[in-house]
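**Student:** Fit chain B to the known structure of chain A by using the hints.
Letter by letter, the chains look like this.
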Amino acid sequence: GQSLEQPSEVTAVEGAIVQINCTYQTSGFYGLSWYQQHDGGAPTFLSYNGLDGLEETGRFSSFLSRSDSYGYLLLQELQMKDSASYFCAVRDRSTDKLIFGTGTRLQVFP
Amino acid sequence: DTAVSQTPKYLVTQMGNDKSIKCEQNLGHDTMYWYKQDSKKFLKIMFSYNNKELIINETVPNRFSPKSPDKAHLNLHINSLELGDSAVYFCASSQGTGGRNEQFFGPGTRLTVL
Numbered sequence: 001g002q003s004l005e006q007p008s009e010v011t012a013v014e015g016a017i018v019q020i021n022c023t024y025q026t027s028g029f030y031g032l033s034w035y036q037q038h039d040g041g042a043p044t045f046l047s048y049n050g051l052d053g054l055e056e057t058g059r060f061s062s063f064l065s066r067s068d069s070y071g072y073l074l075l076q077e078l079q080m081k082d083s084a085s086y087f088c089a090v091r092d093r094s095t096d097k098l099i100f101g102t103g104t105r106l107q108v109f110p
Numbered sequence: 001d002t003a004v005s006q007t008p009k010y011l012v013t014q015m016g017n018d019k020s021i022k023c024e025q026n027l028g029h030d031t032m033y034w035y036k037q038d039s040k041k042f043l044k045i046m047f048s049y050n051n052k053e054l055i056i057n058e059t060v061p062n063r064f065s066p067k068s069p070d071k072a073h074l075n076l077h078i079n080s081l082e083l084g085d086s087a088v089y090f091c092a093s094s095q096g097t098g099g100r101n102e103q104f105f106g107p108g109t110r111l112t113v114l
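Order-wise, the sequence lines are chains A and B. Reading the first sequence from the start, the letters are residues 1 to 110 in the numbering used here. Reading the second sequence from the start, the letters are residues 1 to 114 in the numbering used here.
Mixed in with the good hints there might be a few duds.
[Stated by the list, open to error] The calculated DSS-like cross-link candidates involving lysine-lysine, where the alpha carbons are at most 30 Å apart (straight line), are: (1) B/K52 x B/K22; (2) B/K40 x B/K22; (3) A/K81 x B/K52; (4) A/K81 x B/K44; (5) B/K44 x B/K71; (6) A/K81 x B/K9; (7) B/K40 x A/K81.
Hints were generated in silico from the structure; no laboratory data involved.
Okay, chain A solo, but in the shape it has when bound (with noise of 0.2 Å):
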């Protein structure tokens, strides 16, 4: 099976940058994902890293390491809207279902 584990809660200030950590368990995995959630709103997809390394979109960037069964989302110059709860999340090759991980909640003080 999988387990995702992350922070639960990150703090930062406008500008910072903040890394949010995924350690996982699995027998089998495509990909890693990150989705964004705003309170009150719906998960909204950030990320995939389907290979080990760096993924830059914008301000936001994704890493893979599988062979550490680790993975990170990178914000940087962060924004007061960037206050949110941020999961990871991987597709199992066995099952195919999305397995996301225990979330991670990021605020953003001025």
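**Tutor:** Frame of chain A, contents of chain B only:
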């Protein structure tokens, strides 16, 4: 142009009642899902349909019954509601399965069972 829509957005009901949540997507996707998000924000898949066919059926009480009349719609009917069913239910859709498979979520239905 709403991509994935759900109704109702809020649902407050008494224990023992039966209720339904409707979901529609206009993205032309083949696969639709129901997720449950509990009070700790843990997001877990319940069901998945691909072209109207059930492909994922998690360990969910059989009081929960999904129905897909066509590939653009996936409804969720819940019988004999219990207090523990209180949660936010999200519908989602994606094109195909496997790999990147970006999922598009509806706005959610907050169910409160009293």
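**Student:** All hints are to be evaluated individually against the structure, with a verdict given for each.
**Tutor:** Consistency of the hints with the structure:
{"no.": "1", "hint": "B/K52 x B/K22", "in the structure": "holds, 15 Å"}
{"no.": "2", "hint": "B/K40 x B/K22", "in the structure": "holds, 24 Å"}
{"no.": "3", "hint": "A/K81 x B/K52", "in the structure": "violated, 37 Å"}
{"no.": "4", "hint": "A/K81 x B/K44", "in the structure": "holds, 26 Å"}
{"no.": "5", "hint": "B/K44 x B/K71", "in the structure": "holds, 22 Å"}
{"no.": "6", "hint": "A/K81 x B/K9", "in the structure": "holds, 23 Å"}
{"no.": "7", "hint": "B/K40 x A/K81", "in the structure": "holds, 22 Å"}
In this structure, the one hint that does not hold is number 3.
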